[in-house]
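Student: Below are the chains, spelled out letter by letter.
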Amino acid sequence: MKKLFFSGLCMILCSTIFSTETGTAGVLESMELEMERSYETLSKTKPISAYFLHYEIWDERNVSITASWGALYRNLDKKHRYLDVDVRVGSKKLDNTHEIRGGVNYMDWIPSINEINGDDDPAALRVALWAETDRQFKKAQEKYIRIQAERQVKVTESDTSPDFSPSTPVMHVDEAKEIRLDFGLWREKVKEFSSIFKDYPWIYSSQISLRAQQLTKYQVNTEGSKIRENRVFYRIGVYASTMADDGMELYLSYSFFSFAPEGLPSDEEVIAQIDTIITHLDALRKAPIVEPYIGPAILVNKASGVFFHEIFGHRVEGHRQKSEFEGQTFTKKVGEKILPDFISIRDDPTIAEFNGKDINGYYKFDDEGVPAQKVTIVESGVLKGFLKSRLPIEGFPESNGHGRRQYGRKVVSRQGVLFVTSSNEVSMNQLREALITECKKQKKPFGLIFYDISGGFTSTGRGGTQTFKVIPLFVKRIYVDGRPDEVVRGVDIVGTPLLSFAKISLTGNDYEIFNGSCGAESGMIPVSAISPSIFVSEIEVEKKSKSQDKPPILPSPLGEVK
Amino acid sequence: MRNRIFFVVLFFTFLSIGKLYNNILFMAMDDEIRRSITRLQIENQKKPYYISYRIEEREYIKIKASFGGLLYSNRNRIRDLYVDLRIGDYSFDNSNFVARISHSRIIGSDYTSLPLDDNYDALRNDLWLITDGTYKKALEELSRKKATIQNQQVKDQTSDFSKVTSNTAMEPAVKLAIDEAVWENTIVTLSRIFQKYPDIQESSITFYSRAGNQYFLDTEGSKSQQGALLTYIEVTAKAQSKDGNPIEDILGFYCHAPDELPDIATISRKVEAMAETLTLQIVLEETEDYSGPVLFVGQAAAEFMFQILGKGVSDPRKPLFENETVSGSAGRDMGVLANRIGRRVISSFLHAYDDPTLKKWNGKPLVGYFAVDDQGVPAKKAEIIKDGKLCGVLMSRTPTKKIDISNGHGRFKDERFGSRVCGMVGNLIIEADETKSHSEMKEMLIDICRNYEIPYGIIVTRLEITRPRTLRERYMGYFTSMTSGSEKPILSSPVVAYKIDVETKTVELIRGLTFSSVTPRVLRDIVASGNEDFVYNFVFWDEEGNAYPMSVITPSILVEEMDIETSGKKARKLPILNHPYFKN
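Protein sequences, first through last, are from chains A and B. If you count by my numbering, then the first sequence holds residues -9 to 552, one letter each, in order. If you count by my numbering, then the second sequence holds residues 249 to 832, one letter each, in order.
Don't read these hints as lab results, they were simulated from the structure. No residue lacks a Cβ here, since even glycine has one placed at the ideal position from N, Cα and C. Check before you lean on any hint, since a few could be wrong.
Calculated cross-link-like contacts (lysine-lysine; reagent style BS3-like; alpha-carbon spacing at most 30 Å) [as the list claims (entries may be wrong)]:
(1) Lys68(A) / Lys486(B)
(2) Lys607(B) / Lys310(B)
(3) Lys444(B) / Lys83(A)
(4) Lys444(B) / Lys736(B)
(5) Lys486(B) / Lys129(A)
Not close to chain B: a few residues of chain A, all C-beta gaps over 10 Å, as computed [as the list claims (entries may be wrong)]:
(6) Lys69
(7) Ala121
(8) Asp124
(9) Phe249
(10) Val372
Starting from the given sequences, assemble the full structure and let the hints guide the process.
Tutor: Pasting the structure below:
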């Protein structure tokens, strides 16, 4: 009931915006006209007809400036426009998107990028739409024939839910938004920041980057949805790397993210972050290597966010519960306890800001035109639901607005803003005390604190083992005997998800956001994770595999010329 | 006021003179190369005996339009550094060997991007790290090469690097001077031509113009700087025959500076002609199999000569592969004629040479022009064919069994497992002792047909241009592993061809043919050549996606006998809906 009211309201609002935005409404109009013309014929084509069409156009402007050692390396400003056409033939019950079980079909995941005209010329736009619709319709027909043939020779799948869920049509048009930044000024700033590293000849590569993106997404479908969503963001990245004497590669990075130029950091903030990275990297290259270890550890908020994204988030993506190729860690566990009862997890792409920071994973509509929704995944340790695209799964027929992709890919369910909350919060100091107490109990001379994690890999497939590996960047050893904390290097966290979650025994109250990009079947998409620091009574680390290279033979020329 | 203008002009001239030669780049290269050649050494290992740095600087603009809409208009500037570092000696070093060698993520090898600014410190830092990484890689290459030679019992003792006398050649830098707005407008307007041709399903027009400057320095004392412009307009159009076969054509106009392009009216006329020919082909039936004489005219003759003779005398020495997994496609389609020195490879009335130093030919620009090759060797005229006999091949500094001197044709080739510099076409020129007019050539074609008792002869005016695989095709290649490496035919299929009736002499457009079982032997079946030179400029894209501007100058040629079969291209269903612009 509430939902109906919401979309009704939208329509009223949008109709007024439409009339004032004639220029870009032209794109939606061309899309609609060509879609209607196509659907008129394709929905009546015999014997296999289309029952659904969806057009999505991506209008991008990317500005990228990078500098190292005070010099400009990249200075790009590019505009591109891409088109995705999704055609469904058959019926919602069984259509061309149905999984073929004859072996993983990699071909489905090969991106098929279709660049179209960036001006709004209607004739050119409609030709592009027509050509791609024709191509996709024929592909859909071919695939549907194969699927029908397969069903006659294979056993029934364990999940017999349909292939496409119903959805309510949406009308929404964002106001136009442009990148506004003085790039001339920023080019100089970026160069200047990057020259700070020149005083540290032991840093082999370093980079300051500025990226600005403007993305306008247009979507129309034959159910009547019509959407224009705008997104502009700015990001400043700091990166530096070196090599320890034994050849181990060490790198650290940091990024500032904002939806508005006003949200970008001050010069002082950037310089402070550069200093931190230099200090940490210096400590790291001199740090001892940790031997393989099993024992208590703390994952500091951002690191914990990445940890949950990799280990947990990917396993609650809806399509993985249906695919016969997936490990399905959680598929049959709805209503069961999978995490300690003080932990709850939701994914909420509708929040744009947290603690004054902009959220990269924020969006209004997913790539199936479904409004983004807050989804409760775990409540007090109990699994409640999954991230859903419009692919129905047993017990969860409807989408919750998590069908996402990068252009040229097919939609699957993905994370947006993963939000981990806890009812067992303590201060960071208390968390540290808990770590030391636990170490003593386990008779360990030290515990580990993971401050920064670069990302990780997780295998969710049925063929592989259900393990994960995350790559810590900055780790300290905390001694029980009161020795000062010590920076260490050379470890990766490994484990199996279910076992690892059971060991979480306490959390901090220091919620922090991690803004990043996530790559999976449907391409690279913006995501965020919010989490407090977590205390794990047992974590396993193994030695990082390291390159056989040696540090540079000759000293840095920057050191020599001085 | 007048004074001020004068001052500005003076200042500007001064500035542009100052920019002609890039001293910071050379200073940074010189300082790092000196330090590296004397001090770069791991204990108990060899020092490098040769190092070269090549900086390639490119500023370009690319505009693409389709059916009256602008796809994109992008401008970019890049500066890349390529390092050639050799350990061992001229007779045996780490080169000419392909293996899968992993490298550090922080210290790369072989090539890297450089700052766009002339910043000495940044340049030095990049030069330092890449030289270090390349040295370490070269050490590993050398030891693995020795092991491979032992394992595979390789007997070949051809040396690895030929000696050259050092040289200095400094050309002023070139700059990109393009009015983007004007060209965007022109290209969009040109793309609208296709709004007159309902049967053409997809079309696009691309404008590209770049200013490229190359800076070279090595430890033998060679130093050079050269600049080159490249500008082109490329037109692609796709249609389907009424029975579903794909028909497509690419039309290109290539030159140095944008003002050398034909005027827009001429380009429009040629685009229209292309669109009309495609439209006519749609209703044609595929031709039947044919065995008989074929007359190659214009672009078709030039592509024929490039694909069989040009590629045949390129890349004359193949590297040693550590194992089969790295052998890939490394220039397999090149160098097939290279070991036939002194033997007859083409009809005896034909001669050929390759001379990259020619900038123009009868007033027409030659895009294959370069003064110094990618190894810093001055380009030279290379004699290839004398009286039908092979007398030379296109050489880089990689010696072959018979030749150990470079003729300045070395071009950098990036491959899946490493990179090489190999001899390649610059400006390939084919000359004939005996020539005939176009009508005499046609008469001769008919005469041969009569002798063979064939009802018609075939005239080909356009051949398909080789294009690198698309991103999608590459991905598919990875998944389908090596199956995509099936041998490509050495001669591409005709795009535009006609048959000429022996009795009535009427000429009629035909469609859908492909040459079967062509071998380099076909060069010896050339029985006549025309009396008009065709100047063909193009960009050759190899399988790995490397692009080389080239020129071929050739008369039309008549081949006595070729086998032609129907193209066998996979038919697709025709579009279900009418084209939205031409509905009705």
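Student: Each of the hints needs a verdict: does it hold here or not?
Tutor: Structure-based check of each hint:
no.	hint	result
1	Lys68(A) / Lys486(B)	holds (27 Å)
2	Lys607(B) / Lys310(B)	holds (24 Å)
3	Lys444(B) / Lys83(A)	violated (44 Å)
4	Lys444(B) / Lys736(B)	violated (36 Å)
5	Lys486(B) / Lys129(A)	holds (19 Å)
6	Lys69	violated (6 Å)
7	Ala121	violated (6 Å)
8	Asp124	violated (5 Å)
9	Phe249	holds (25 Å)
10	Val372	holds (40 Å)
In summary, the structure is inconsistent with hints 3, 4, 6, 7, 8 from the numbered list given earlier, while agreeing with the others.
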